[in-house]
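Chains C and F are the protein sequences, given in the same order. Residue 1537 in the numbering used here sits at position 342 of the first sequence, and the numbers go up by one each step. Residue 467 in the numbering used here sits at position 412 of the second sequence, and the numbers go up by one each step.
You can trust all of the hints, since none of them are fake.
Each computed DSSO-like pair below joins lysine-lysine, with the alpha-carbon atoms no more than 30 Å apart:
(1) C/Lys1368 x C/Lys1419
(2) C/Lys1203 x C/Lys1275
(3) C/Lys1446 x C/Lys1476
(4) C/Lys1203 x F/Lys423
(5) F/Lys423 x C/Lys1275
(6) C/Lys1443 x C/Lys1476
Listed below are several chain F residues computed to face chain C (Cβ distance under 8 Å; list not exhaustive):
(7) Thr420
(8) Asn504
(9) Arg510
(10) Leu512
(11) Gly513
(12) Arg514
(13) Thr515
(14) Val523
(15) Pro526
Ranges between beta-carbon positions, derived for each pair:
(16) C/Val1306 x F/Arg71: 36 to 44 Å
(17) C/Ser1366 x F/Arg529: 34 to 42 Å
(18) C/Lys1275 x F/Gly317: 39 to 47 Å
(19) F/Val109 x C/Ser1235: 54 to 62 Å
(20) C/Glu1308 x F/Trp155: 53 to 61 Å
(21) C/Ser1302 x F/Pro252: 51 to 59 Å
(22) F/Gly317 x C/Pro1463: 54 to 62 Å
(23) F/Leu525 x C/Asp1498: 53 to 61 Å
(24) F/Gly239 x C/Asn1394: 44 to 52 Å
Worth flagging that the hints you see were computed from the coordinates, not collected in a lab. Virtual Cβ for every residue (Gly too), placed ideally from N, Cα, C.
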Amino acid sequence: MCALVIRKLTKQYNARENPALIDLNLSTEPGELLALVGASGSGKSTLLRLIAGLEQADKGSITISGKEVSGPSQHLPPEKRGVGMVFQDFALFPHLTVRQNIQFGLSGMSVAEQQSRADELLEMIHMTSFAERYPNSLSGGEQQRIALARSLAPSPALLLLDEPFSNLDESLKKELRRDVQRIVARTATTTILVTHDINDALTIADRIAILRNGQLQQLDRPEKMYQQPVNPYVASFFGEINLVAAEKRPKGFQTPYGFITAETTNAPENCLLGIRPSAIKIVANSQDKGLRGQAGRRTFMGDIHVIEIQLTAADHPSVNWIAYVPAQQVIETGTSIALQPDPDLLLIFPGTP
Amino acid sequence: MSKTLPIKYGRRYKWRPDSWQILSFSIVFLVLLPLISILSNLFGPAGDAWQHIVDTNLLHYIRTSALLILGTTLLSALIAVSSAWAIAFYDFPGRRFFEWALILPLALPAYISAYAYIGILDYDSLVQQLLAPLLPLPIREYFMSLSGAIFIFAFALYPYLYLITRIAFQRQSRTILESARLLGHSSRSIFWKVALPLSRPAIAAGLALIFMETMNDYGLVKYFGVYTFTTGIFEAWYELDASAAATRLSALLMLLTFGMIGLELWQRRQKGYASSSNMDLTLSRVKKRGSKAIFPLVVCFLPFFFGFLLPGTQLASWSIGSIGKLESEFLTPFLNSMMLASTTAIIIVAVALVVVYTTHLHRSTEMKLLSKISTLGYSIPGAIIAIGIIAPFVYFQRTVHEFMTGVFGISTGLFLSSTIGFLLIGYTIRFLALAFNPLESGFERNCRNLDEAARILGRTPLQALREVDLPLLRGTIFTAAILVFVDVLKDLPLTLLLAPPNFPTLATEAHYLAENEVIAQAGTIASAIVLAGMIPVYILNRLMTGDLTENTEQ
Chain C
1196 MCALVIRKLT KQYNARENPA LIDLNLSTEP GELLALVGAS GSGKSTLLRL
1246 IAGLEQADKG SITISGKEVS GPSQHLPPEK RGVGMVFQDF ALFPHLTVRQ
1296 NIQFGLSGMS VAEQQSRADE LLEMIHMTSF AERYPNSLSG GEQQRIALAR
1346 SLAPSPALLL LDEPFSNLDE SLKKELRRDV QRIVARTATT TILVTHDIND
1396 ALTIADRIAI LRNGQLQQLD RPEKMYQQPV NPYVASFFGE INLVAAEKRP
1446 KGFQTPYGFI TAETTNAPEN CLLGIRPSAI KIVANSQDKG LRGQAGRRTF
1496 MGDIHVIEIQ LTAADHPSVN WIAYVPAQQV IETGTSIALQ PDPDLLLIFP
1546 GTP
Chain F
56 MSKTLPIKYG RRYKWRPDSW QILSFSIVFL VLLPLISILS NLFGPAGDAW
106 QHIVDTNLLH YIRTSALLIL GTTLLSALIA VSSAWAIAFY DFPGRRFFEW
156 ALILPLALPA YISAYAYIGI LDYDSLVQQL LAPLLPLPIR EYFMSLSGAI
206 FIFAFALYPY LYLITRIAFQ RQSRTILESA RLLGHSSRSI FWKVALPLSR
256 PAIAAGLALI FMETMNDYGL VKYFGVYTFT TGIFEAWYEL DASAAATRLS
306 ALLMLLTFGM IGLELWQRRQ KGYASSSNMD LTLSRVKKRG SKAIFPLVVC
356 FLPFFFGFLL PGTQLASWSI GSIGKLESEF LTPFLNSMML ASTTAIIIVA
406 VALVVVYTTH LHRSTEMKLL SKISTLGYSI PGAIIAIGII APFVYFQRTV
456 HEFMTGVFGI STGLFLSSTI GFLLIGYTIR FLALAFNPLE SGFERNCRNL
506 DEAARILGRT PLQALREVDL PLLRGTIFTA AILVFVDVLK DLPLTLLLAP
556 PNFPTLATEA HYLAENEVIA QAGTIASAIV LAGMIPVYIL NRLMTGDLTE
606 NTEQ
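Same shape as in the complex, but just chain C (with noise of 0.2 Å):
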């Protein structure tokens, strides 16, 4: 059974403003840890807000393992649809200590009983011996880990995590998300992650949902999304990318910029390109049919060389690309260059932009 279902999920908060989510559709596979990935605004709070009973939808369905909990007939209040979650600030009781927070959720159980589970939970973040010290004397990522616990602990069918890294620096992130993999993994526990961190998602998640204005946009794994994203937008949250309108020719693409071999066979007659600045190679000379541009700033990254380059036609208006090269090919700025995208990478949208 799915630990969650959502069915044509509407919110709007403001007559005046535009949905926060707009008939959105999504189903989790039991077990997994799902990634919700957006911009501020983009829904995605909202969407585990939702989940969680926090705020009530508009319209549509929410069904958590098998159950429906928000409906149009019914409005299920957050404490009974057994979901655990995570806030971004962690949300710690600071007038508990680290047990009683822990054992917070476990008020059906007897007092032995809400012991050994939090013994058990304790044990399982390496903070047994942080048992009696309030959360204010814990630093980010224990607090970090004491909330994951305590959403644990009463074994929830789905386990909510809201931006559960943006508060931590960059070295305890690493850490931190590895942690929460494990830990998750162990309890076996149906997971939705909300980011805006693209690499978040890719280091902990099984799937990616990336959401914009409130409409899902792509739900895959992610070495799939990254191949085959369904549009720009989902390109470019795996990093820059150039884009081109193109048309489809026998042996490749017509740009106004110049012309790019391909052997594609499925790819509609009028088309956006977008190539990934690690996917052009760059060489001095070439047939005259091809891609030509002007290398322009150029800036050492230490592995590579980020070089910007204007692609110019008779009657288009130029475009500045970006090209990731090897840090030891020299290329002079001012100098006229060739470009060779690698053809098995090329990005095919529909459309025009």
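Position chain F against the provided structure of chain C, taking the given hints into account.
Using the frame of chain C, we list chain F on its own:
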């Protein structure tokens, strides 16, 4: 859109209020009821008594009220802005003392300050003896006038404006002021061209508060014989015995108040000046020593002297003079006041908790607006609220009386007199904001999403409130209760109109004694109110400067 889904998922949910919302709506409705009852009077006939007021006194009420407001706001603006400027931007001997001493007049309600001043200027006073050769009339006669009232109001109420303006000055972005200085402006020029315009919204908010407090007062204007709207309402109510006319006057004053609130909200919406959030980044103060310190010292000393030290000393000397002579008559009003103030504090804190927690649970704009409406009572003069509560009852009894005498020849008279219940309702409406505001910011600051976390861990809203919010808000709840307690203690107009007969409180007792020229005894009772009033002044200072941190258990 997929067509396979059942059609019902496309339908918008029905809105179902929970019990918290229903309770909050009822509270807001109760708060609005007297105000609605008064405004509805505007549309009916007002009777002969109203015509009489229109023909005789109405213009006089309007003119006097206007002059009183104008004089009070101008004088208090002069006092408050200059002292706030000195405290915020200069460093001079005694600055730290004056920073909070300038708020002390808040402990002295205007009517009590008036008793003290009349004590100082009375027929047998030292001042009178000194000035007798120079003046044809006793000095007291000159002082008990519109100008005297403006003087007392300004020195009693300026702290509201002083506090708001000082904080506005202190929170102004240091970089803005420093760039003004680097661009070649003197500190005087910075004051007029940068600091003052940037603080305009805050100053306007403070002036609106002073307006409302001036219109609320009855004790001082009655004592000085200054005929404002509020005295008019009381006169129509008691002397003309015309509830309809009193209601009509109240409605007019209420419209005026709403106009003022609207104006204040409008000017605030005009420009959103961002202030620096970082409090450490305040401008380093300009050091003033020796003769250069005279200006800031004078500007700070005068308000403190006339607003607190002088009247306070007079009150203290009365109290000391009456030690041991305190009669048992003092005990009843004291106990009554304590009972009223503590009961009201408990009711208001409970009511405010319900409304604030409901808005915290349902973070919708509608709920926020509704909860703000519940605090409207604080801007409405107490006399209006009292009339709004009691007029419908008087009207009802009169109708019964007329019916009974007409049909059965039995005179029922006014069979229901005002009860303590009315008084408590009146206090709750008027002072709800005092508990609401600290609780609202307390929830915002201390509880953010902690109760949401508790909900997800299986607690109902009530359980979350009890187990998480209340333990974290203990300090805030105490603060809110104290603020309400003391304002009830000081209140005069509401209490005079709504207290049952033979139910004296400290404030009404002081008022009657002063009216009957037993001024020394009035002052003694008033000192008790002032002493109690100094506690919230201390709290207010800490609240406004923002260093009242919650002490959570460690």
